[in-house]
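*Asks:* Here are the chains, one letter per residue:
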Amino acid sequence: MATGAIRIGLNAKRARTAWLFLAPSLLVLFAVALWPLGRTFLFSFTDAFLTEPDIYAYIGLENYFTLFEDPLWWQSVRNTLYFTVVSVSIETALGLAIALLLNAHMSGRGFMRAVILIPWSIPVVVSARMWQWMLHDQFGILNHVLKLMGVIDHGIAWTANPDLVMPVIIAVDVWITTPFMVLLILAGLQMLPKSIYEAASIDGVSEWRQFTALTLPLLAPSIAVAVLFRLLDALRMFDLSFVLSSNSDDTKTVSIYAREVLVNFQDMGVGSAASAAIFLMIAVVTAIYVTVFRLNRKLLGV
Amino acid sequence: MVRSATGRRLHRIAIYGLFAVVALYTLFPFYWMIASSLKSGQAIFDVTFLPDLKFNNYEAILSDGVFLRSLLNSLVVAASVVALSLGLAIAAAYALGRIDFRGRSPIMFLFLAVSMFPQIALLSGLFEMIRWLGLYNTLGSLIFAYMIFTLPFNIWVLTTFMRSLPRQIEEAAIMDGCSPLRIVRCIFLPMMGPALISTGLLAFIASWNEFLFALTFILTDENRTVPVAIALISGSSRYEFPYGAIMAASTIVTVPLIVMALLFQKYIVSGLTAGAVKG
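In order, the protein sequence lines correspond to chains G and B. Heads up: the first sequence at position 241 corresponds to 241 in full-length UniProt numbering, and the numbers run straight through without jumps. Heads up: the second sequence at position 169 corresponds to 169 in full-length UniProt numbering, and the numbers run straight through without jumps.
Worth double-checking, as some hints may not be accurate.
[Claimed, not checked] Ranges between beta-carbon positions, derived for each pair:
| id | chain 1 | residue 1 | chain 2 | residue 2 | range |
| --- | --- | --- | --- | --- | --- |
| 1 | G | Ala-283 | B | Thr-220 | 32 to 40 Å |
| 2 | G | Val-151 | B | Ile-258 | 53 to 61 Å |
| 3 | B | Phe-55 | G | Pro-162 | 38 to 46 Å |
| 4 | B | Ile-197 | G | Leu-100 | 39 to 47 Å |
| 5 | B | Leu-10 | G | His-144 | 30 to 38 Å |
Rather than coming from a laboratory, the hints here were simulated on the basis of the structure. All values reported here derive from a predicted model rather than from experimental measurement. We put the CB at the ideal spot given by N, CA and C, even for glycine.
Model the full assembly from the supplied sequences, consistent with the hints where possible.
*Replies:* Structure follows, in structure tokens:
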């Protein structure tokens with residue numbers, strides 16, 4: 001009885017400690033994320049300008065009407081969705097292939113894993129600049145090699161041609177982020193129990209059957225989580241398009257659109273409306289994805 | 001399925017062939033960046049696969065005070081973000097990982113949700129907040145803003161790590177009446193080395209590479225970080241075709257990251273997968 005009372009007292013004290021230890025982090029996240037998010041939504045109903053954000057009046061949904069009447073907004077939505085679907089699909093397929101390759105028990109795979117980490121770890125701006133130079137229409141190495149091979153006569157303007165610029169951006173994104181997929185899928189592969197493969201081999205199950213009947217289903221949750229992270233990343237893509245093709249409407253993403261309205265045009269109202277719309281778009285995509293793939297248990301670990 | 005000796009050899013050759021393809025695809029752009037940075041003047045426009053080993057571009061970019069300044073700025077921002085986000089996250093992770101209290105699950109969910117916020121959704125509200133705090137156009141604005149993507153992630157990974165430690169290790173200390181701060185410092189910190197290295201490295205890389213906030217919250221050249229500095233080097237200004245300089249600057253920014261990736265590969269990968277697979 002007495003120890004029970006002590007334990008309860010101790011637990012209450014421990015709970016106080018918990019809140020005390022959490023307070024600084026909660027305060028920071030409130031200041032840096034929750035409050036600004038709320039203010040963004042609030043500004044989206046006002047006529048505020050970035051130069052003087054204190055002076056504003058509520059104008060209802062007008063900013064949203066302005067936004068939804070702008071064809072460029074819808075184009076940037078289409079660009080973003082197209083970019084996301086195509087690049088994440090390619091990255092998943094390629095990431096799976098390379099992960100299976102690196103999972104082979106061979107010497108040199110430690111080195112390969114370090115190599116594959118490099119494109120992911122450097123700034124996107126640097127990758128964009130690097131590829132911009134390789135894809136240069138006059139002096140780029142790619143055009144040079146293609147000319148040597150006799151594939152083309154004149155250099156291709158990879159980032160200036162409206163039909164090519166999106167595929168180019170997707171290709172560079174694949175180069176940058178496939179490593180991320182590889183590493184996550186590889187981690188999933190290494191958690192698979194070896195014994196089932198031994199059993200399957202003894203039963204004479206072909207390697208292809210082992211892959212489709214064992215590896216893929218067991219790996220599906222790992223892949224699903226990796227894809228979710230990539231989806232969230234791709235939907236807010238900013239820097240790659242900004243550096244590689246800053247002024248092209250063909251690769252304008254929603255993030256670029258929103259920042260342009262907010263910073264370049266100083267229109268805090270419409271810019272915030274665009275930001276709020278992006279937030280809702282990403283929240284809906286995430287909710288659907290998590291529900292469809294039943295990831296909530298895996299993500300929350302409960 | 002037993003393969004013949006030749007079959008096995010072919011298999012090995014095929015795998016090493018594919019290794020080579022992947023390595024070439026991954027590394028050639030870096031080789032080309034470094035090779036281009038080492039060509040001087042007009043030589044960069046001739047496609048030769050071997051570099052000249054001329055360091056003019058490096059001299060030019062390093063004698064440019066603005067670029068050196070932005071390197072220093074990036075270092076200050078990344079180091080401060082690592083220190084601050086780890087300090088806050090260790091305390092939070094102790095609360096979430098070692099103490100059962102009401103409200104634990106909703107708070108974990110809150111951190112997870114915040115880590116999924118698109119940065120652009122916060123831009124106008126954050127702009128206002130940063131001005132209000134008097135941080136606009138200072139490195140402090142970035143250190144503050146980068147908490148969004150480093151803090152929740154660090155808390156998740158460190159919480160998972162703390163929970164995996166056995167219950168008994170702190171029980172004696174609690175019964176002895178040690179203060180929680182002392183328990184964290186003397187019992188948990190020494191055991192957390194690997195987890196701290198992982199999360200610290202990832203926070204460093206993310207801060208070193210961040211672009212959108214760095215572009216928006218910094219107004220003047222002398223306060224910029226390197227990704228923005230490199231993005232803003234353009235033909236219209238001092239250099240006409242400054243690709244040599246851009247490649248040299250890119251190489252300088254990339255080298256520390258490559259060294260880190262090679263030295264700490266295991267830690268980075270375990271941090272990434274802890275965040276994504278378990279977290």
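*Asks:* With reference to the structure, classify each hint as holding or not holding.
*Replies:* Hint check results:
1. G/Ala-283 x B/Thr-220: 32 to 40 Å: holds, 35 Å
2. G/Val-151 x B/Ile-258: 53 to 61 Å: violated, 32 Å
3. B/Phe-55 x G/Pro-162: 38 to 46 Å: With Cβ atoms ~39 Å apart, the hint holds.
4. B/Ile-197 x G/Leu-100: 39 to 47 Å: violated, 29 Å
5. B/Leu-10 x G/His-144: 30 to 38 Å: holds, 35 Å
Hint check: violations occur at hints 2, 4; the rest are consistent with the structure.
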